[in-house]
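**Student:** First to last, the sequence lines map onto chains A and B. Converting from the first sequence to the working numbering requires adding 7 to each position, the first position being numbered 1. Converting from the second sequence to the working numbering requires adding 17 to each position, the first position being numbered 1.
For the record, the hints were derived by calculation from the structure and aren't laboratory data. Since we're looking at a predicted model, the values are computed, not measured. Idealized CB from N, CA, C, for every residue including glycine. Some hints here could point you the wrong way.
Far from chain A, by Cβ distances over 10 angstroms, these chain B residues were calculated [what the hints assert, rightly or not]: (1) 24; (2) 45; (3) 73; (4) 100; (5) 114; (6) 116; (7) 124.
Among the chain A residues that face chain B by a calculated CB cut under 7 angstroms, a handful are [what the hints assert, rightly or not]: (8) 49; (9) 106; (10) 107; (11) 113.
Pulled from the structure, derived: some chain A residues nowhere near chain B, Cβ distances all over 10 angstroms [stated by the list, open to error]: (12) 26; (13) 75; (14) 77; (15) 78; (16) 86; (17) 89; (18) 90; (19) 120.
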Amino acid sequence: AQSVTQLDSQVPVFEEAPVELRCNYSSSVSVYLFWYVQYPNQGLQLLLKYLSGSTLVKSINGFEAEFNKSQTSFHLRKPSVHISDTAEYFCAVTLSYNTDKLIFGTGTRLQVFP
Amino acid sequence: KAGVTQTPRYLIKTRGQQVTLSCSPISGHRSVSWYQQTPGQGLQFLFEYFSETQRNKGNFPGRFSGRQFSNSRSEMNVSTLELGDSALYLCASSLGPGGTEAFFGQGTRLTVV
Chain A
8 AQSVTQLDSQ VPVFEEAPVE LRCNYSSSVS VYLFWYVQYP NQGLQLLLKY LSGSTLVKSI
68 NGFEAEFNKS QTSFHLRKPS VHISDTAEYF CAVTLSYNTD KLIFGTGTRL QVFP
Chain B
18 KAGVTQTPRY LIKTRGQQVT LSCSPISGHR SVSWYQQTPG QGLQFLFEYF SETQRNKGNF
78 PGRFSGRQFS NSRSEMNVST LELGDSALYL CASSLGPGGT EAFFGQGTRL TVV
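Can you build the whole structure from these sequences, using the hints too?
**Tutor:** See below:
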């Protein structure tokens with residue numbers, strides 16, 4: 008079975024500081040990896056995904072994540088955060104041969120302070 | 018292009034009642050999945066439908082059921098509501114088998130009193 012661990016439930020950071028949200032997964036078979044963001048009273052929005060190819064994937068708003076197979080990790084980073092990045096971030100996996108079901112981590116609440 | 022539409026946005030029900038939630042996927046998407054989000058359990062997969070067939074089901078009791086119509090719209094039903102069913106119910110749509118991106122609706126907030 009697959010599982011996802013997000014090690015930090017909350018990450019406080021000052022505006023313009025760098026941030027890393029950690030995600031580790033467990034799976035005996037090939038998986039796809041995702042980061043979703045959830046703003047208050049909203050659904051989930053896909054931030055970025057890793058399917059294959061380059062292990063470094065980037066979003067349009069400055070986030071990036073690197074797939075590390077040996078460490079089974081998919082950490083999310085941003086070099087300089089904004090107040091508007093305050094949200095809940097979820098790491099998720101699906102089986103690469105069966106993408107019907109997303110398995111989510113417990114989420115990390117990113118709080119950006121001025 | 019319209020996104021995933023879930024109705025209603027908010028619901029208050031009493032224990033023992035039943036409830037039906039609706040989800041309209043993005044036009045052209047044929048797969049719909051449902052998730053339950055609670056503070057204690059996080060995001061949990063309920064079930065997935067493609068072409069009116071349930072293809073995958075999470076670990077939930079039989080009180081939770083769903084269906085998909087020929088226009089890909091989906092409904093989920095919860096019977097004999099319990100307090101613990103209070104949650105945000107999220108629907109996601111994708112193109113179908115092999116689709117690698119799920120688009121989520123804003124959810125239906127169900128409160129059971």
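**Student:** Each hint: holds or not?
**Tutor:** Structure-based check of each hint:
Interface exclusion of residue 24/B from chain A stands, the closest Cβ pair being 13 angstroms apart, more than 10 angstroms. No Cβ of chain A comes within 10 angstroms of the Cβ of residue 45/B; the nearest lies about 17 angstroms off, and the non-interface call holds. At roughly 4 angstroms from the closest C-beta of chain A, the C-beta of residue 73/B falls inside 10 angstroms, breaking its exclusion from the interface. The Cβ of residue 100/B sits about 21 angstroms from the closest Cβ of chain A, beyond the 10 angstroms cut-off, so the non-interface label holds.
Consistency note on residue 114/B: stated as away from chain A, yet its beta-carbon is not over 10 angstroms from all of that chain's, at 8 angstroms minimum. Listed as a non-interface residue, residue 116/B fails to keep its Cβ farther than 10 angstroms from every Cβ of chain A; the least gap is roughly 6 angstroms. With 10 angstroms as the threshold on Cβ separation, the claim that residue 124/B sits away from chain A is violated: the shortest Cβ distance comes to roughly 5 angstroms. Here the hint on residue 49/A is kept, as its CB sits about 6 angstroms from the closest CB of chain B, short of 7 angstroms.
Among the interface hints, the one on residue 106/A holds; its C-beta lies about 6 angstroms from the nearest C-beta in chain B, closer than the 7 angstroms criterion. Annotation: interface hint on residue 107/A holds; nearest CB of chain B at approximately 4 angstroms, less than 7 angstroms. The restraint placing residue 113/A at the interface with chain B holds, with a minimum CB-CB distance near 5 angstroms, inside the 7 angstroms limit. The claim that residue 26/A is not at the interface with chain B holds, since no C-beta of that chain comes within 10 angstroms of its own (minimum 21 angstroms).
No Cβ of chain B approaches the Cβ of residue 75/A within 10 angstroms, the least distance being about 20 angstroms, so the stated non-interface status holds. With 10 angstroms as the threshold on Cβ separation, the claim that residue 77/A sits away from chain B holds: the shortest Cβ distance comes to roughly 23 angstroms. A cut-off of 10 angstroms between C-beta atoms confirms that residue 78/A is not in contact with chain B; the least separation is 23 angstroms. Distance check on residue 86/A: its Cβ is at least 25 angstroms (rounded) from any Cβ of chain B, clearing the 10 angstroms threshold; non-interface status holds.
Remark: the non-interface label on residue 89/A is consistent with the geometry, its nearest Cβ contact in chain B lying 23 angstroms away (cut-off 10 angstroms). At roughly 22 angstroms, the least C-beta separation between residue 90/A and chain B is larger than 10 angstroms, which holds for a residue marked as non-interface. The beta carbon of residue 120/A is kept farther than 10 angstroms from every beta carbon of chain B, the shortest such distance being approximately 23 angstroms.
In this structure, the hints that do not hold are numbers 3, 5, 6, 7, in rising order.
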